[in-house]
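Dock chains B, C and D against the given chain A, drawing on the hints supplied.
Protein chains in written order, with our numbering: chain A, 1 to 378; chain B, 1 to 378; chain C, 1 to 378; chain D, 1 to 378.
Because the hints were derived from the structure by calculation, they are not lab data. Certain hints may be false.
The list treats identical chains as one, so a pair stands whether inside a single copy or across any two.
Claimed, not checked - Straight-line Cα separation of at most 30 Å, DSSO-like style, residue types lysine-lysine; simulated pairs:
1. 210 - 39
2. 122 - 3
3. 210 - 221
4. 378 - 367
5. 373 - 221
6. 378 - 67
7. 340 - 294
8. 373 - 210
9. 294 - 143
10. 3 - 340
11. 55 - 264
12. 378 - 221
13. 373 - 233
14. 294 - 3
15. 264 - 294
16. 39 - 3
17. 210 - 367
18. 143 - 378
19. 221 - 143
20. 233 - 294
21. 67 - 3
22. 55 - 340
23. 294 - 221
24. 233 - 210
Small disclaimer: the values here were computed from a predicted structure and weren't measured.
Protein chains: 4
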Amino acid sequence: MAKPLNIGMIGYGFMGRAHSNAYAKVSHFFPNTHTPVLKALCARNAERGKEFADKWGYESVETDWRKLLERDDIDAVDICTPNNLHKEIAIAAAQAGKMILCEKPLAMDVAEGEQMCEAVEKAGVVNMVWYNYRRVPAVTLAKQLIDEGRLGRIFHYRANFLQDWTISADVPQGGEGLWRLDAEAAGSGVTGDLLAHCIDTALWLNGGMKDVNAMTETFIKERTHQATGEVTKVTIDDACAFMCHFNNGSLGLFESTRYARGHKALYTFEINGEHASISWDLHDLGRLNYFDHKDDSLVRGWHSVHVTDTDMPYMGNWWVPGLQIGYEHSFVHQVADFLKSLETGEPAHPTFRDALETQKICDGVLKSAAERKWVDIK
Amino acid sequence: MAKPLNIGMIGYGFMGRAHSNAYAKVSHFFPNTHTPVLKALCARNAERGKEFADKWGYESVETDWRKLLERDDIDAVDICTPNNLHKEIAIAAAQAGKMILCEKPLAMDVAEGEQMCEAVEKAGVVNMVWYNYRRVPAVTLAKQLIDEGRLGRIFHYRANFLQDWTISADVPQGGEGLWRLDAEAAGSGVTGDLLAHCIDTALWLNGGMKDVNAMTETFIKERTHQATGEVTKVTIDDACAFMCHFNNGSLGLFESTRYARGHKALYTFEINGEHASISWDLHDLGRLNYFDHKDDSLVRGWHSVHVTDTDMPYMGNWWVPGLQIGYEHSFVHQVADFLKSLETGEPAHPTFRDALETQKICDGVLKSAAERKWVDIK
Amino acid sequence: MAKPLNIGMIGYGFMGRAHSNAYAKVSHFFPNTHTPVLKALCARNAERGKEFADKWGYESVETDWRKLLERDDIDAVDICTPNNLHKEIAIAAAQAGKMILCEKPLAMDVAEGEQMCEAVEKAGVVNMVWYNYRRVPAVTLAKQLIDEGRLGRIFHYRANFLQDWTISADVPQGGEGLWRLDAEAAGSGVTGDLLAHCIDTALWLNGGMKDVNAMTETFIKERTHQATGEVTKVTIDDACAFMCHFNNGSLGLFESTRYARGHKALYTFEINGEHASISWDLHDLGRLNYFDHKDDSLVRGWHSVHVTDTDMPYMGNWWVPGLQIGYEHSFVHQVADFLKSLETGEPAHPTFRDALETQKICDGVLKSAAERKWVDIK
Amino acid sequence: MAKPLNIGMIGYGFMGRAHSNAYAKVSHFFPNTHTPVLKALCARNAERGKEFADKWGYESVETDWRKLLERDDIDAVDICTPNNLHKEIAIAAAQAGKMILCEKPLAMDVAEGEQMCEAVEKAGVVNMVWYNYRRVPAVTLAKQLIDEGRLGRIFHYRANFLQDWTISADVPQGGEGLWRLDAEAAGSGVTGDLLAHCIDTALWLNGGMKDVNAMTETFIKERTHQATGEVTKVTIDDACAFMCHFNNGSLGLFESTRYARGHKALYTFEINGEHASISWDLHDLGRLNYFDHKDDSLVRGWHSVHVTDTDMPYMGNWWVPGLQIGYEHSFVHQVADFLKSLETGEPAHPTFRDALETQKICDGVLKSAAERKWVDIK
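Isolated chain A (complex conformation):
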């Protein structure tokens, strides 16, 4: 029988649902020695918390996360709060000896992130950050192809994360469900929300960055704040683009925005190597595009790999070839790998320490944009 892993979840918004679904499904498809048990949900609003807990089968509800951390029946804490609460909760959880699964980005800035890393490492608790896109099978496959050396020397890396949901000036900032538009809660706009994903993948696939050069823009300067009803200055970045040099000598170009009409969640990346290139996008997440110069010249062209065969990463655990999975499955895979890590003792990545590297780039990008100059990454 699988050992129970008792989960205490803090927060119940979009990510609360995505994680709960992953915990509920994982043992049906990825047998492991551990199986998640939804022990407690923590929500400031007791009524809403109860409703969510009932729907998903959480056994109990807390309204104070400190109480949750005191409970002996909780093995792991899942932090799904706005970004400005990550640090305090994570450090306290580490001190309480809990495993920690923390939503991305790790922290509000590098200083916070370093404190968090120190705390988990000092406490020796298992930790992981929810950069889920690494575990979309097509992205995992990209990593595998790169690690096999198929691309050779890398020349270019480019990534975009394009959305369009804040184009209307009528969208308010801050408040219920809109904390991502409030710099006090989110730290930054698209940089921490979207580019952080692109950066995590890039560091994983292509290694560290040497320096960055960015520009940011806030297209709509003032919006009504939902909490107060007042029109105030928008404090987040609506769009952010940056150039960089990777340590391996390749050039990077990154862009994210919430003002790209026609794209809801179009995360894309492309890597050009000496022998082969790879591209992928989130709107067709089940396909990986691959070009190999070593193909016979008469049939050389981009392969559209429908990542559903049983020998593809994670896919042997799902249906049969040709049948697609979706966005939510990336979270299931991350939980599956987390559970496996408990068995093997090998950490599931990205750990807090891994995610701190992404934080460094984000901070560098924001600094570069503010100072209009190249910023070295240390």
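The following block gives chains B, C and D in isolation, referenced to the frame of chain A:
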């Protein structure tokens, strides 16, 4: 609190998993007055049944489906057996007053199907057949666009279901996990397995057929039978194509095969109307292609509709715009609609009676191929 | 210096322009021992003929094709008239010892086609039919890949030719520029106009057919005749679909229509072989899609081959890799190959005799549709 | 009768062919009051010049471009030489009172370009630069849609020009056919060769730029020089990326490289506006992608506009809907517009003065990359 709907599942193969997953997920995303409870699993092999039941949380295991039907704590029976058992189980279940959810195709032939329809109608039990593709959101959207009259008079309907998994002569026929290659268990080859899906969708979207004209082929004439180890004649159709006239005057062209190299499960359809056309395929199941002649001529072209917005069918219950769902969700939707039907009293389609129409076409197609002539559908 | 090949062109409609452009361009890109000289244009309407001749540089104009055939300074006659004139002109041209380039389809029916073949063969004159799609580089590449044996045993061939220009009931039939809608001038509707192209390619790529089974439809039964202004019965087929068995054991499925909203000239074909599959379409004529099961399974997928590299058929004579050519270039290639055939003595295909095979299929298809039964091809 | 426009072409490389083809074809498809006459070809190598002239029908050959400028029978001079000769020839041609059609980029730098502008304006001669991509019909259509205001306020512009032909370290630099790899002849690498195209289109579609911030890279530092056989330092930029602010407040992101495996000539751009977005790429040059938020939400998606209908820019002069044209046609259109400008007196764009704006951006980009800082464009 939602009312329990006690499920007794017969069979635990591929479809057993797909249905179990749907029952497990549906209440997390589609709140209804009823919620499925996995009461019992029925499997001839007790050990394997136990393993499956444990994984999915079935409360008990039966090895004789008749026993299952006798139990008072079972409200609904889900038939996931090979096709040759559908009739006997369904009729007994109807007589036992159970609701029935039956895998497709309904029966081995029209005669069986008629008996089944009579049985459920006489018993007055709720019944439904798992033609799940109707509830891929893009397909449901196609239905909605057609019903709004956007296409106008229909001229053409064409559909394919292309696979490639039996090209190798080394694939055995019959036996464990391979009953679809054995006519005694399956009734036919691609006709009942694949074309039946295409036909169900077509009848739903474009109405009934007047006549059909088909050809079938068995490319590899003999294969080793898994059960006996002997090389015997292959009795199923490897490929089947047919032309037809729909009652609305449009022309139909259908094809299915397991010998189309490069296509794992490529179900596609296209409908050409006077004003607009629609196409869809299962390999990119989250997109609907739509062409509208009424668009301004300068920007007229096929729309690639990424069916993820919250106003799309079923999508408001899942994630946020831009984030895809997959194959398995069509089953969740079907369960959700089934549960809703219990509340409204309006049947969830396709019922047995609906599925009998598909059976009539399948029988007509096989007859036409055998006799090399047009066959009228009555 | 290249030897002149004196051309006498009969007709000056759409195909007259396409051929004239090919003659004008060919020597700039495909040096041969012969070069076309636009000696004479033949048009019943002298004024229009003059205008066309001036624009394209024809040295003279004739209004009677018999006169053209009598001229000693004409080496080759290009027949671009409506189909019902092909036979008479071609036979007379053969008797006059002229080389003949005839538009497709070869004739109104097999009987005519046979007379034409006999005439050219008896006279020993060089002859060719303008099935131009063979020489779209992507299609020529398909032929090359098949001939190399890459596909292995062939299981399926399917082709469509979809247009939408006659959906409106207001389109008149017959008359100026509309002879394709008049059975007296065209012989048939989409069968001779569109399916003939699909059949020519299919016979070339996949060999002969054993039998066919077709249906045709005329969606709009009556239209105003342009010449008379009267509403009369439409005599052509608006749509035609057929199934067939190829001699190599593969199954074929063909369809053409002028009622497929959203498709202007969407000629497509797909071939599924044991090892590999190929598909192509005219709307993206510069790409060939290729799937090879022998590819490493991790990167196996459809290749989108952008047929512009210099080692692709004909492409070394044009621009540089990445830069596309268009529809008109297929005619240039056909002229280039025709000119080369004069040097080598090897006929440029399809000859009249080759095109007669396509005519046999067309006749069989129309007969099958009329009689609602399978028709053997002899 | 059309008036002759006597052309004297200087150079006979890739662009010499592209222009000659355009002159030869234009009057067959675009009737104008003027028609080009290929009067003289100028080539330093007399033998090769003769061969080219014979193939294309130039009436005479010169080996000294100064001689060509002295001839009274030349109306217009077409400069197809390496970039470092543009200035001297253009100024002399202006002084000789010739119309000038000059290949892009205009000059080696802004200083040269200004002298050239002054010369043609002082002389009052008609002048144009061959930024041909403006006249790919899909690109012209994009301009039309933007000018109609369909996109609303523009937020983002991004463009790439990706090639892969210099990845091999064995490609020599400089010399015959390779002057684009030699900074002395070309001025810069991808910046003047590829980015210049992207910039010209961007300025045309989206207006001027305020500032730029660039990085360049030379991946392979030394190559054999073809002329000398010696291994010397590579002086051009292999790759260049830059960020910018447009005057209209939108953000720009540009990249070009010759190290993007899998892309032969992939020029792409995308523009995101408040209401609508547009994208295009050169590998599928006959399609324009268009997304309009005002579309009915159920069918909202990217339109793939197959730019072949007769109401599309330039397309009414070619074939029929559905039939594509290619790369070379952009030059035909540019000549057609040039000829029309002679009739109307309205200049055909881009003029030298227009092209100087592109030169300013190129210079700013190279300066920014060298100094690693933002550079204002004046």
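Okay, the hints, checked on the actual structure:
Within a single copy, residue 210 and residue 39 get their C-alpha atoms no closer than 44 Å, and across copies no closer than 57 Å, so neither meets the 30 Å cut-off. In this homomeric assembly, residue 122 and residue 3 come within 30 Å of each other (Cα to Cα) only inside a single copy, at 26 Å, whereas the closest approach across copies is 49 Å. Taking the shortest alpha-carbon separations for residue 210 and residue 221, only the inter-copy value of 20 Å comes in at or below 30 Å, while the best intra-copy value is 32 Å. Proximity of residue 378 to residue 367 under the C-alpha cut-off of 30 Å is found in both arrangements, the shortest distances being 13 Å within a copy and 27 Å between copies.
Within a single copy, residue 373 and residue 221 get their C-alpha atoms as close as 23 Å, and across copies as close as 26 Å, so both meet the 30 Å cut-off. Proximity of residue 378 to residue 67 under the C-alpha cut-off of 30 Å is found in neither arrangement, the shortest distances being 38 Å within a copy and 62 Å between copies. Proximity of residue 340 and residue 294 under a CA criterion of 30 Å is satisfied in neither setting, with 37 Å inside one chain copy and 34 Å between copies. In this homomeric assembly, residue 373 and residue 210 come within 30 Å of each other (Cα to Cα) both inside a single copy, at 14 Å, and across copies, at 17 Å.
Within a single copy, residue 294 and residue 143 get their C-alpha atoms as close as 19 Å, and across copies as close as 22 Å, so both meet the 30 Å cut-off. In the homo-oligomer, the alpha carbons of residue 3 and residue 340 lie at most 30 Å apart inside one protomer (12 Å), although the nearest pairing across protomers, at 36 Å, exceeds that limit. In the homo-oligomer, the alpha carbons of residue 55 and residue 264 lie at most 30 Å apart inside one protomer (28 Å), although the nearest pairing across protomers, at 36 Å, exceeds that limit. In this assembly of identical chains, the alpha carbons of residue 378 and residue 221 lie at most 30 Å apart only when taken from different copies (27 Å versus 33 Å within one copy).
For the identical chains of this complex, residue 373 and residue 233 are neighbours both inside a copy (25 Å) and across copies (29 Å), given an alpha-carbon limit of 30 Å. Taking the shortest Cα distances, residue 294 and residue 3 never come within 30 Å of each other, neither inside one copy (48 Å) nor across copies (43 Å). In this assembly of identical chains, residue 264 and residue 294 lie within 30 Å of each other by CA distance solely across copies; the values are 15 Å between and 35 Å within a copy. Within a single copy, residue 39 and residue 3 get their C-alpha atoms as close as 14 Å, and across copies as close as 24 Å, so both meet the 30 Å cut-off.
Taking identical chains as interchangeable, the C-alpha atoms of residue 210 and residue 367 lie at most 30 Å apart whether they share a chain (15 Å) or sit on different chains (21 Å). For the identical chains of this complex, residue 143 and residue 378 are intra-copy neighbours only, at 24 Å inside a copy versus 45 Å across copies, given an alpha-carbon limit of 30 Å. Taking CA atoms no more than 30 Å apart as the test, residue 221 paired with residue 143 passes between copies only; the shortest distance there is 29 Å, against 40 Å inside one copy. Proximity of residue 233 and residue 294 under a CA criterion of 30 Å is satisfied inter-copy only: 29 Å between copies versus 54 Å inside one chain copy.
Only within a single protomer do residue 67 and residue 3 lie at most 30 Å apart by alpha-carbon distance; the minimum there is 24 Å, versus 33 Å between protomers. For the homomeric pair residue 55 and residue 340, the shortest alpha-carbon distances inside one copy (27 Å) and between copies (17 Å) are both at most 30 Å. Proximity of residue 294 to residue 221 under the C-alpha cut-off of 30 Å is restricted to the inter-copy arrangement: shortest distance 24 Å between copies versus 51 Å within a copy. In this assembly of identical chains, the alpha carbons of residue 233 and residue 210 lie at most 30 Å apart only when taken from different copies (25 Å versus 34 Å within one copy).
When the structure is compared with the earlier hints, violations turn up for hints 1, 6, 7, 14 and for no others.
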